[in-house]
Amino acid sequence: MRLLALPALSDNYIWALSGDDEAALIVDPGDAAPVLAAAAHGLRPVGILLTHHHDDHIGATPALRERWPNIPVFAPDDGRIASATAQVGDGVKIHVDGWTLDVLAVPGHTRSHIAYYLERGGRATDRIVFSGDTLFSLGCGRLFEGTPAQMLASLTRLAALPDDTRVCCGHEYTLSNAAFARVVEPDNPALQRRTEQAQAMRDAGRPTLPSSIAEERETNPFLRTRQPGVIRAIAHRLGREPADEVETFAELRRWKDGFRA
Numbered sequence: 001m002r003l004l005a006l007p008a009l010s011d012n013y014i015w016a017l018s019g020d021d022e023a024a025l026i027v028d029p030g031d032a033a034p035v036l037a038a039a040a041h042g043l044r045p046v047g048i049l050l051t052h053h054h055d056d057h058i059g060a061t062p063a064l065r066e067r068w069p070n071i072p073v074f075a076p077d078d079g080r081i082a083s084a085t086a087q088v089g090d091g092v093k094i095h096v097d098g099w100t101l102d103v104l105a106v107p108g109h110t111r112s113h114i115a116y117y118l119e120r121g122g123r124a125t126d127r128i129v130f131s132g133d134t135l136f137s138l139g140c141g142r143l144f145e146g147t148p149a150q151m152l153a154s155l156t157r158l159a160a161l162p163d164d165t166r167v168c169c170g171h172e173y174t175l176s177n178a179a180f181a182r183v184v185e186p187d188n189p190a191l192q193r194r195t196e197q198a199q200a201m202r203d204a205g206r207p208t209l210p211s212s213i214a215e216e217r218e219t220n221p222f223l224r225t226r227q228p229g230v231i232r233a234i235a236h237r238l239g240r241e242p243a244d245e246v247e248t249f250a251e252l253r254r255w256k257d258g259f260r261a
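Using UniProt numbering, the first residue of the sequence shown is number 1, and each one after it goes up by one.
Calculated from the structure, these hints are not laboratory results.
Don't take every hint at face value.
Here are the simulated lysine to aspartate or glutamate pairs, EDC-like style, with alpha carbons at most 20 Å apart [what the hints assert, rightly or not]:
id, residue 1, residue 2
1, 93, 77
2, 93, 66
3, 93, 78
4, 256, 11
5, 256, 245
Hey, can you work out the whole structure from these sequences and the hints?
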């Protein structure tokens with residue numbers, strides 16, 4: 001099994017998951033050029049998975065369907081995604097060319113956002129989640145259509161996946177998210193190490209993704225809203241203790257929305 005992060009647009013990644021025969025699932029193609037370039041080197045798209053309706057995640061789908069007219073396109077049940085050939089929701093299992101993925105509803109960034117989870121056995125079990133713009137490396141998506149409670153529930157659901165699940169999100173935001181996370185939790189040694197590793201990766205021209213669920217639990221403040229350090233930081237901003245975890249998350253997200261490194 002091979003997992004490729006194809007850089008696209010300014011900071012997007014299109015994910016390509018392929019087997020030994022190069023038959024590939026393409027996730028969130030906002031730009032056709034990287035997919036067509038990979039196909040010129042042998043990649044064979046057999047399915048397209050869309051996590052949400054934003055154009056930087058779906059914009060190239062019509063062009064790819066023109067190149068591969070019979071390719072299935074899986075997407076959330078959302079009328080804003082006209083290119084879908086199959087609308088899928090929470091709990092559905094997708095079967096494409098030997099691949100089986102579970103659909104997880106993870107609203108918050110958008111009202112219909114979904115993620116795709118793969119668990120494949122063999123000599124070692126391989127687990128991957130394509131989280132779109134819900135869970136980022138060291139961050140989470142803005143709340144364009146959902147509520148803080150919805151997004152917190154979605155992140156909690158993703159955080160409950162096995163530790164070794166690889167997190168394949170939609171953007172290269174690790175370093176900018178790290179700058180914020182280190183203000184929230186300046187004394188988190190795991191976060192310090194991860195920031196240094198990410199900087200080295202970017203200096204070498206490499207993606208910082210995928211991360212893992214275990215790494216996100218240790219370092220991502222949006223998955224750490226029950227941790228004393230995060231609660232203290234939010235209490236300092238509010239001038240009082242937050243009422244509950246939802247308020248902690250909501251204020252953390254507001255803080256990030258206005259943050260400038």
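Hints, one by one, checked against the model:
1. With a CA separation close to 15 Å, the supplied pair residue 93 and residue 77 stays within the 20 Å bound.
2. Distance restraint check for residue 93 and residue 66: the Cα-Cα separation of roughly 26 Å exceeds the 20 Å cut-off, and the hinted pair is therefore not satisfied.
3. Among the hinted pairs, residue 93 with residue 78 is consistent with the structure: their alpha-carbon atoms are about 18 Å apart, no more than 20 Å.
4. With a C-alpha separation of about 18 Å, the suggested pairing of residue 256 with residue 11 holds against the 20 Å cut-off.
5. Using a Cα cut-off of 20 Å, the hinted pair residue 256 and residue 245 holds, with the two alpha carbons roughly 16 Å apart.
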